[in-house]
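These protein sequence lines map, in sequence, to chains A and B. Numbered according to the working numbering, the first sequence spans residues 16 to 401. Numbered according to the working numbering, the second sequence spans residues 37 to 280.
These are calculated hints, taken from the structure and not from any lab test. Worth double-checking, as some hints may not be accurate.
As the list claims (entries may be wrong) - Have a look at the derived ranges for each label pair, beta carbon to beta carbon:
(1) A/LEU296 <-> B/LEU39: 54 to 64 Å
(2) B/ASP52 <-> A/TYR150: 53 to 63 Å
(3) A/ARG302 <-> B/GLU239: 35 to 45 Å
(4) B/LEU165 <-> A/ILE330: 54 to 64 Å
(5) A/ARG307 <-> B/GLY255: 16 to 26 Å
(6) B/GLY103 <-> A/LEU378: 48 to 58 Å
Stated by the list, open to error - Short, incomplete list of chain A residues facing chain B, as computed with Cβ under 10 Å:
(7) PHE177
(8) MET246
(9) ALA298
Values in this document were obtained by computation on a predicted structure and should not be read as measured data. All residues carry an ideal CB built from backbone N, CA and C; glycine is no exception.
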Amino acid sequence: MTQPQIEIQLIAAVVAVACAIPGVFLVLRKMALISDAISHSILPGIVLGFFITHDLNSPLLIALAALTGVITVVLVEWIQKTGLVKEDTAIGLVFPALFSIGVILIAKNANDVHLDVDAVLLGELAFAPFDRLSYFGMDMGPKSLWIMGIILLVSLILLFTFYKELKVSTFDAGLSAAMGISPLLMHYGLMSISSVTVVGAFDAVGAILVVALMIAPAAAAYLITSDLKKMLLLSVGIGIFSAISGYWVANLLDASISGSMTTMLAFVFLIVYLFAPRKGLIAVLYRQKQQRTEVSLITFLLHLNNHSDVNERHINHLQEHINWQRVRSQTVLDLAERNNMIQIESDVVSLTEKGKEFTDLALEYIITNKDEKIEHMKDDFFLFRG
Amino acid sequence: MKLPAIQVDDLTVAYDYKPVLWDIDLTVPEGVLMAIVGPNGAGKSTLIKAILGIIKPLAGTISIFGGSYSEKRKMVAYVPQKGSVDWDFPTTALDVVMMGTYGSLGWIKRPGSKEKKAALEALEKVGMLSFRNRQISQLSGGQQQRVFLARALVQNASVYFMDEPFQGVDATTEIAIINILKELRKAGKTVVVVHHDLQTVPEYFDWVTFLNVKKIATGPVKEIFNDDNLTKTYGINYKVAVKE
Numbered sequence: 016m017t018q019p020q021i022e023i024q025l026i027a028a029v030v031a032v033a034c035a036i037p038g039v040f041l042v043l044r045k046m047a048l049i050s051d052a053i054s055h056s057i058l059p060g061i062v063l064g065f066f067i068t069h070d071l072n073s074p075l076l077i078a079l080a081a082l083t084g085v086i087t088v089v090l091v092e093w094i095q096k097t098g099l100v101k102e103d104t105a106i107g108l109v110f111p112a113l114f115s116i117g118v119i120l121i122a123k124n125a126n127d128v129h130l131d132v133d134a135v136l137l138g139e140l141a142f143a144p145f146d147r148l149s150y151f152g153m154d155m156g157p158k159s160l161w162i163m164g165i166i167l168l169v170s171l172i173l174l175f176t177f178y179k180e181l182k183v184s185t186f187d188a189g190l191s192a193a194m195g196i197s198p199l200l201m202h203y204g205l206m207s208i209s210s211v212t213v214v215g216a217f218d219a220v221g222a223i224l225v226v227a228l229m230i231a232p233a234a235a236a237y238l239i240t241s242d243l244k245k246m247l248l249l250s251v252g253i254g255i256f257s258a259i260s261g262y263w264v265a266n267l268l269d270a271s272i273s274g275s276m277t278t279m280l281a282f283v284f285l286i287v288y289l290f291a292p293r294k295g296l297i298a299v300l301y302r303q304k305q306q307r308t309e310v311s312l313i314t315f316l317l318h319l320n321n322h323s324d325v326n327e328r329h330i331n332h333l334q335e336h337i338n339w340q341r342v343r344s345q346t347v348l349d350l351a352e353r354n355n356m357i358q359i360e361s362d363v364v365s366l367t368e369k370g371k372e373f374t375d376l377a378l379e380y381i382i383t384n385k386d387e388k389i390e391h392m393k394d395d396f397f398l399f400r401g
Numbered sequence: 037m038k039l040p041a042i043q044v045d046d047l048t049v050a051y052d053y054k055p056v057l058w059d060i061d062l063t064v065p066e067g068v069l070m071a072i073v074g075p076n077g078a079g080k081s082t083l084i085k086a087i088l089g090i091i092k093p094l095a096g097t098i099s100i101f102g103g104s105y106s107e108k109r110k111m112v113a114y115v116p117q118k119g120s121v122d123w124d125f126p127t128t129a130l131d132v133v134m135m136g137t138y139g140s141l142g143w144i145k146r147p148g149s150k151e152k153k154a155a156l157e158a159l160e161k162v163g164m165l166s167f168r169n170r171q172i173s174q175l176s177g178g179q180q181q182r183v184f185l186a187r188a189l190v191q192n193a194s195v196y197f198m199d200e201p202f203q204g205v206d207a208t209t210e211i212a213i214i215n216i217l218k219e220l221r222k223a224g225k226t227v228v229v230v231h232h233d234l235q236t237v238p239e240y241f242d243w244v245t246f247l248n249v250k251k252i253a254t255g256p257v258k259e260i261f262n263d264d265n266l267t268k269t270y271g272i273n274y275k276v277a278v279k280e
């Protein structure tokens with residue numbers, strides 16, 4: 016690997032991590048769309064900042080653009096508060112308006128400004144290593160690595176310092192407010208850090224793809240884990256993996272780096288969506304199938320429980336009466352037998368002690384919906400897991 | 037004279053320009069178990085939220101044991117409506133209960149083993165200890181409500197506010213909750229509960245406030261829980277009066 020290659024991957028990874036952290040909280044607060052809004056509406060802030068500083072990496076430009084991001088949130092909330100339109104409509108009204116101001120500003124001044132709409136939308140990671148920071152003539156590495164590194168550091172410090180506050184205000188704003196941990200303060204804090212991150216990252220990956228970097232890792236991690244800390248770690252991991260693998264895909268295909276990174280993110284999300292252990296599509300489908308079988312099982316056991324004469328419990332009779340197809344009857348019989356719930360003697364089925372006990376408990380649960388007594392059954396049967 | 041646990045004077049709360057609570061005066065003595073009853077939209081939850089400083093009132097003053105809410109914050113515990121939070125949030129029962137300690141910890145400080153111990157004790161009290169590591173979406177409605185109650189217990193407060201703790205819970209949980217509330221009262225705590233089931237008011241509570249935008253009446257259940265006040269509050273003839 017050449018040095019620029021390493022630097023590009025490093026920048027990509029740092030950007031991914033910096034985006035993933037606020038992304039987790041945006042997803043949990045159901046504010047994913049806000050990141051989209053911010054990423055577009057910071058444009059006029061960037062353009063104005065560029066007019067003033069003539070430096071895309073100036074801290075003033077970042078501050079100004081981040082401020083536009085926060086203004087976006089305030090405007091959206093303000094429109095929403097009037098009660099005349101819903102939140103998604105308010106978002107849809109605000110960010111195109113601000114974005115278009117940015118587009119016009121660029122177009123009007125395109126001649127003397129090194130800034131074009133393509134770069135804004137898509138970014139250009141490949142050029143990042145060429146814009147370097149030097150300190151008394153010493154090469155300190157790519158500028159964007161420094162900028163994103165600092166943003167990431169600030170983000171991490173804030174996360175570690177206010178983890179508990181972020182968590183409680185995200186989960187239960189009412190309790191948080193009652194405890195004196197202002198949810199409003201946390202909200203605007205998160206919005207500010209998100210805005211700063213978007214501004215910092217936009218140079219590398221562009222306004223559209225930064226949204227994917229914020230939302231996709233968090234959304235995938237949410238499907239895998241049910242622990243906030245693990246969700247944060249997983250998001251970071253998924254972000255880094257997608258960034259670096261995306262770089263190599265781009266290398267291989269000779270395509271846009273940011274485009275490949277986002278494609279990798281989508282790919283990772285798809286895999287997780289399909290195969291996540293509990294919430295994944297396959298797990299859900301499997302669970303539904305199992306539940307159907309279990310309902311059949313209980314129906315079958317109840318039938319046995321209700322009928323004591325031999326005729327009603329003969330295997331052939333069961334098939335006719337319950338009116339199931341052969342395969343289904345077989346599955347149910349197998350399941351019942353495997354769990355020692357029934358015994359079959361000369362084609363007559365009867366409940367065992369265990370089967371009887373199970374039927375009674377299941378019946379009681381179905382009638383009363385109380386689940387204290389069936390706790391031990393939850394591990395073996397999907398049906399009782401609610 | 038002993039300070040009342042809660043003192044509300046001339047409280048008016050409005051959403052936009054529509055008053056939700058109108059000129060409420062309310063005194064809750066220390067050590068009572070009080071129900072707030074009233075029809076939907078009567079402002080019951082709003083009253084609690086205004087007392088807790090979650091909603092800013094248009095007018096009026098609120099004091100807890102003679103001080104402002106922000107001064108006495110640590111003496112107060114709050115159980116919001118169960119439906120107000122996202123139960124798919126990635127966290128466990130124990131972790132939710134630990135959140136009850138965040139108020140006394142204050143900003144930045146992290147909960148430690150002392151807080152964890154308190155949380156485990158609270159879970160034990162509500163009979164949920166064995167569920168401590170269960171993800172909260174995997175709990176039944178009644179169990180979720182018990183976790184919320186445990187979170188309030190861990191706040192170790194003097195005044196407890198609970199917003200419909202009996203909503204959507206099974207009979208076992210309802211009994212478990214009311215027993216804990218009665219225990220709290222026995223320990224001298226003040227408990228204020230937004231309550232829907234009028235039938236159980238005389239059995240569960242010793243104090244009651246009738247609310248319908250304005251305060252209709254407040255006082256001991258034995259004295260004021262009658263058809264007259266129920267009719268005034270609900271606007272229709274009510275006949276559930278206390279059995280003598």
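Tested hints:
no.: 1; hint: A/LEU296 <-> B/LEU39: 54 to 64 Å; verdict: holds (59 Å)
no.: 2; hint: B/ASP52 <-> A/TYR150: 53 to 63 Å; verdict: holds (56 Å)
no.: 3; hint: A/ARG302 <-> B/GLU239: 35 to 45 Å; verdict: holds (41 Å)
no.: 4; hint: B/LEU165 <-> A/ILE330: 54 to 64 Å; verdict: violated (46 Å)
no.: 5; hint: A/ARG307 <-> B/GLY255: 16 to 26 Å; verdict: violated (56 Å)
no.: 6; hint: B/GLY103 <-> A/LEU378: 48 to 58 Å; verdict: holds (55 Å)
no.: 7; hint: PHE177; verdict: holds (7 Å)
no.: 8; hint: MET246; verdict: holds (5 Å)
no.: 9; hint: ALA298; verdict: violated (14 Å)
Hints 4, 5, 9 from the earlier list are contradicted by this structure; the remaining hints agree with it.
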